[in-house]
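So the protein lines, in turn, are chains A and B. The letter at position 10 of the first sequence is residue 10 when you use our numbering, and the numbering goes up by one with no holes. The letter at position 313 of the second sequence is residue 313 when you use our numbering, and the numbering goes up by one with no holes.
Source of the hints: derived by calculation from the structure; they are not laboratory data. A couple of the hints might just be wrong.
Straight-line alpha carbon distances no greater than 27 angstroms define the calculated DSSO-like cross-link-like pairs of lysine-lysine that follow [unchecked claim]:
{"#": "1", "chain 1": "A", "residue 1": "39", "chain 2": "B", "residue 2": "366"}
{"#": "2", "chain 1": "B", "residue 1": "155", "chain 2": "B", "residue 2": "250"}
{"#": "3", "chain 1": "A", "residue 1": "39", "chain 2": "B", "residue 2": "250"}
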Amino acid sequence: MIMRIAYIAAGLGTVALLAFEAPRGGVLMRDPPRGQVSKAPTKSGSSGTRGSTVRGYGPAFVFLGGGYRGGK
Amino acid sequence: MNQPQVEPPKKLFRDEAKTGSIGCLACGGPITLKGFGNVERVSCPYCGSTLEPQDSGELALLQQAQRQRRSSALPLHARGKIDEVEWEIIGIMWREAVVDGIAYPWQEFLLFNPYAGFRWLVYSMSDGQWSFGGALDGAPQLTSSGTGHRVANFKGRAFKHFGASPARVTYCEGEFTWQVQEGDQAHADDYVDPPHMLSIERSQSEGGAELNFTQMRYLPPGEVWSAFGQSGSAPPETGVGSIKPNPHQKGRVFYLASLGIFLVLWLAATVFYVGGRDTSVVLDESGIPVDVPFMKEVEIGEEGRAGTIDLTFGVSPLSNGWAYADVLLVNQETEEAINFGAEVDNWNGVADGDAYNEGTNPRRVKVPNVPGGTYLVQVTPQIDPKTPTKPQVMNVRLREDIVLARYILLPLFIILLFPIINGLRSLIFESRRWQNSDYGTSLGDFELE
């Protein structure tokens with residue numbers, strides 16, 4: 001009886017996961033870190049242009065890690 | 001003239017049966033007869049002497065014996081209710097079959113009810129199995145199955161041959177409906193259709209060969225013990241008896257029906273999931289110099305809906321070294337970021353005379369739960385400083401709303417796993433049953449019903 005109940009529960013649970021959770025992919029996959037970012041200091045006096053790749057400049061954003069996880 | 005003497009007609013019935021006990025002529029032990037006119041042999045439960053009931057109601061001593069009384073699983077004259085009928089044990093017989101030098105003993109309890117007649121309760125001492133039954137009201141038809149197995153057909157049931165062995169009486173006490181004595185032999189063929197068994201016994205007597213057909217059915221030990229009001233627990237069963245019901249076959253219908261329903265649900269959910277995905281490439285850049293970070297703004301998914309994306313990162317050329325991409329997805333509205341990495345590597349050379357070339361380049365990384373919106377994709381590469389050939393360019397591709405195979409495969413695995421396990425357990429149970437038969441251990445010697 002326990003096996004039958006476990007089968008029903010596991011079968012329905014995984015099918016429900018496929019139907020409702022698979023698009024988001026949150027349950028069966030490891031979620032990467034989410035958090036805030038800050039503008040990285042630039043090498044020269046120029047602030048750099050966001051969205052452009054200018055030789056000699058470092059990344060525009062630096063990940064601060066942890067904290068508030070995204071989404072509204 | 002002398003008239004020939006005419007013998008008086010033989011009495012058809014004995015004188016009125018005496019209800020009190022009679023003393024054994026050998027040892028004096030009290031013997032109470034319960035079987036009335038049907039009893040042809042009495043074995044004194046105290047000394048084992050064989051006696052025969054006479055028409056006068058007295059007992060005649062046939063064979064005097066001195067033997068030790070055996071302790072059977074149930075005592076003589078115990079009463080119990082089976083199938084709503086109260087039975088009394090009026091005779092106990094121990095028999096054994098010797099196969100390959102190994103003795104397989106069992107105890108047979110002759111049950112009597114004045115209205116229902118006689119039945120047998122059999123206790124197998126080798127595996128603790130109990131069975132209950134009586135004489136067959138007919139004869140079975142013997143045929144062969146497709147696998148060459150002998151089959152006895154009776155009233156719509158097909159009993160498969162389980163084993164044949166010579167059965168010898170090693171002990172008896174109480175009353176019996178035939179002229180039994182220790183040492184009597186019969187050849188027994190057992191046919192099974194669990195939980196039922198059909199036995200055909202052939203024995204030689206003065207009048208010729210005798211055939212006895214008996215049908216038995218399995219009884220749980222606990223049921224026998226409580227029916228006869230015995231204290232404690234019944235002797236436990238060991239292994240799998242010849243007619244013990246297969247507990248896993250009862251679940252077969254359930255698992256097959258559930259499997260069918262689950263497969264339909266799984267298929268519908270898969271079609272819904274895959275059909276609802278709008279997998280598309282939102283970023284595909286190649287030949288990007290690795291000296292500086294790469295940044296680009298892209299639209300991912302739909303507002304208010306989260307999805308799964310994958311990013312493919314590769315560098316060229318790469319030989320005996322690694323490269324790592326630190327990736328940031330910065331939501332332009334909330335300025336919240338998702339941070340992950342992708343590492344590629346390549347190692348090649350010659351070892352022990354064999355060339356090898358291993359590593360992963362490019363590499364694909366999947367990221368779940370990415371809310372829809374406008375994102376700045378920032379890829380900051382890091383190159384192995386020791387690599388002999390420094391990569392010059394990198395390639396980045398980003399896809400949205402991808403299908404994750406694990407969500408499709410996991411339910412399928414679970415849906416199939418339980419019925420397969422149940423089927424295997426049922427198969428193993430039957431294999432253990434037939435290990436004790438004349439047909440060895442091959443799984444092909446039996447079939448699941």
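Hints, one by one, checked against the model:
At most 27 angstroms may separate the alpha-carbon atoms for a hinted pair to count; residue 39 of chain A and residue 366 of chain B meet this at roughly 26 angstroms. Under the criterion of a C-alpha separation no larger than 27 angstroms, the hint pairing residue 155 of chain B with residue 250 of chain B is consistent with the structure, at around 23 angstroms. A C-alpha spacing of about 67 angstroms is found between residue 39 of chain A and residue 250 of chain B, which places the hinted pair above 27 angstroms, so the restraint is violated.
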